[in-house]
Amino acid sequence: MAVIQTMGLSKRYKDNWAVDHLDLRVEQGDIYGFIGRNGAGKSTTLKLLCGLARPTRGEALIFGKPIQDPVARRQVGTLIEQPGLYPDLSGRENLRLYATLLGLDSPARQVDEILETVGLSPKEKKPVKHYSMGMKQRLGVGVALLGGPDLLLLDEPINGLDPEGIREMRELLLRLNRERGLTLLISSHILGELSKIATRYGIIQQGRMVEEITSGELAQKCTDYLRLQTDQTRKTAALLERDLHLSRWEMRPEGEIRIYEAVDAKTVGRILIQAGIAVEELSLHRQDLESYFLERMGGADHV
Amino acid sequence: MFNMLRMDLRRLFKSRSFSIILGVTAVLLMMVTVMAYAIADPEMMDAMEAQGAEIIESDRMMSEYIQNMSQLDLMHETLGSGFLLVMTGIGMTLFVNGDFSSGFIKNICCINSRRRDYVLSKITLAGIYSGIITVLSVLLMLLLPVLIHMYPAPDSISQILRYVLWMWLPHWAFALMTLALVLLTRSTTLGIILSLVAGSGLTVALVGMLGRLLRWPPLEQYFLAAAVKGVYTPESGITPIQTILACTLAWAVLYGMGSLLSMEKRDI
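First to last, the sequence lines map onto chains L and P.
Note that this note's numbering has the first sequence beginning at 14, numbered continuously upward.
Note that this note's numbering has the second sequence beginning at 75, numbered continuously upward.
All clues given are correct.
Listed next, the stretches of chain P that the computed footprint assigns to chain L, with coverage defined by at least 3 CB atoms under 8 Å from CB atoms of chain L: (1) 78 to 87; (2) 172 to 185.
Each computed DSS-like pair below joins lysine-lysine, with the alpha-carbon atoms no more than 25 Å apart: (3) L:Lys149 with L:Lys139; (4) L:Lys27 with P:Lys339; (5) L:Lys149 with L:Lys138; (6) P:Lys339 with L:Lys78; (7) P:Lys88 with L:Lys149; (8) L:Lys209 with L:Lys234; (9) L:Lys138 with P:Lys88; (10) L:Lys279 with L:Lys234; (11) L:Lys142 with P:Lys88; (12) L:Lys248 with L:Lys279; (13) L:Lys139 with P:Lys88; (14) P:Lys88 with L:Lys136; (15) L:Lys209 with L:Lys149; (16) L:Lys136 with L:Lys149.
I should point out that these hints are in silico values taken from the structure, not numbers from a laboratory.
Predicted, not measured: the structure shown is a model, and the values here were computed from it.
Positions of the beta carbon are idealized from the N, C-alpha and C atoms, including for glycine.
Isolated chain L, as found in the complex (with noise of 0.2 Å):
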């Protein structure tokens, strides 16, 4: 079931179109990395389908509804760019400040949950003004949780955290997709942090959808060749081309051979075994993710 589907999304801000003719899909369980330069349109999309911004044309749905539904949109925690909260306030007031507004039952047993889950402590008095930008950002996700939501729309949620506070958030964001089945839209610029996460990917560029594209159908794109070393290279290279009739591999002056085709690797070990030939590596090269998704964005700049 598609929890987001957009058909055509348009948004245009005087003569620019920050979101073109979208075509968006994410499915239920989906940890969706949306990836785009500064600029491309990724929290203009998010804002669209939260509700914040009326799109220009075009439509959104989720969970098969209008975004309007307010059924619909009760099923949805978001945390759009800096996270909105009173700096006034305690953290545990804000969040029981989005609890009256959610009208919950026992808020005060739910926000103290969500503050657990998030990390921080419920008996914090101080003002969110006082927080790191750490703190915010878990109270922010912790305001996109309240509610029991089964979507949540992440714009930058590791933005300015430490690596312990990335680590933490990555396995918090991991454990509530496992756990609660949460389906989760994440927009981010630290693509290396998004691969470890994400099970589908969309990559957006001056608004329009470039690709998208699951991680297995990732994994299988950015496989180069086959990397193999043995202590006969020339029968090695020869055995190989007769039995698994290869057309496009290349023998390194360094003694390794390259296979640019999708042969499967325990076939080739096993073929070398027989002949009794010593394997002394057997490994498959992959791109790099971040080069792919640079590429695909039209290049390395400002990303």
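Since the structure of chain L is already known, use the hints to place chain P on it.
Structure of chain P alone, referenced to chain L:
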């Protein structure tokens, strides 16, 4: 909408700006009362003159005027000057713009797609806000003179209650003006400036002057600052309610519509 109003009320009573506005209002009223007492007391005037202060005939007339004031005279002399309008306007500006400057408006509008609920909640809150300030100020103006042994001629409770009601309504409408402006501009500075300019009666004076130059009808009398001033006159007591009601209603509708349009048409 009721959840939103509950949230707004909770925030109102937890917010520092509301306490500060109430505190400043109380302190200023206290200062005005003490000054009025100083002028009204003939012994104080004599003492000041003995110390070399120049006391002229108009000072003595003023002293006599204050001595003969009733509770409502004294109250309206202080509250009808636009001081309460300014405090209400600044308070509402700080409260409403707090949603935008903090970004909490994103949380509100993500969960509730109907922007009119937000405006309705704030309209109700403006009524409560202006009501609290009006009632507090009236209570202080009844209590403070007694505390410093100044006893203006008492007015009946029904008259005081009527005064509270007719003062509250234009203040509510004025709070809606700042609401509309903040929703349109999302600027605290502009909200505060407008509260000062409009609340102090500067716009009334300007429009009046312009009207006389251009031979317009006296439009300025329908402004909220003028309506507040006209709620009560010492000679005839509480003045025709129709004008106040009509002004309040007209401006409230105008500002309410403006607020609604600003919220509906603009992205967050």
